[in-house]
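Asker: Kindly produce the complete structure, drawing on both the sequences and the hints.
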Amino acid sequence: MRSRSESNETSDNGTLFQRQIFEERAKEGRPEPALGFGDSAHWRSLDDPSEPPDTNCSLSVLDGNLRVRVDLGGDEHPPARCEADAEKIAAAAIAAAASS
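With numbering that gives the first Met the number 0, the residue at position 12 of the sequence shown is 11, and numbering never jumps.
In short, the hints are calculated from the structure, not lab data.
All of these numbers come straight from a predicted model, not from anything done at the bench.
A few of these clues could be false.
What the hints assert, rightly or not - The following label-pair restraints were derived from C-beta to C-beta distances:
| id | residue 1 | residue 2 | range |
| --- | --- | --- | --- |
| 1 | 97 | 47 | 27 to 35 angstroms |
| 2 | 80 | 47 | 18 to 26 angstroms |
| 3 | 48 | 98 | 34 to 42 angstroms |
| 4 | 20 | 50 | 13 to 21 angstroms |
| 5 | 77 | 16 | 34 to 42 angstroms |
| 6 | 83 | 13 | 25 to 33 angstroms |
| 7 | 49 | 97 | 30 to 38 angstroms |
| 8 | 19 | 46 | 30 to 38 angstroms |
| 9 | 46 | 22 | 16 to 24 angstroms |
| 10 | 98 | 20 | 20 to 28 angstroms |
Using N, Cα and C, we set each Cβ at its ideal position, and we do this for glycine too.
Answerer: Pasting the structure below:
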């Protein structure tokens with residue numbers, strides 16, 4: 000089972016550390032406040048030349064000390080439905096981690 004930080008104090012479980020990294024990277028993207036799961040989420044900017052050219056969307060979700068990143072693209076995930084697909088995959092990944 001994953002642990003969660005109950006305060007803003009540094010803890011051995013890495014939750015605070017993961018949150019700090021996540022929040023720093025989130026500044027470069029677009030916030031996603033309405034997922035209904037996770038503690039925080041953002042859509043990553045795809046303007047970075049290091050991103051694969053066929054990536055249509057990239058979602059990062061933080062839940063406790065777990066960070067899930069879903070990058071989708073190609074014909075299987077066209078721009079019209081990419082974000083909806085990424086949300087479903089991220090939700091399934093977080094649910095799977097919570098049940099283990």
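Asker: Check each numbered hint against the structure and report the violated ones by number, ascending.
Answerer: 8
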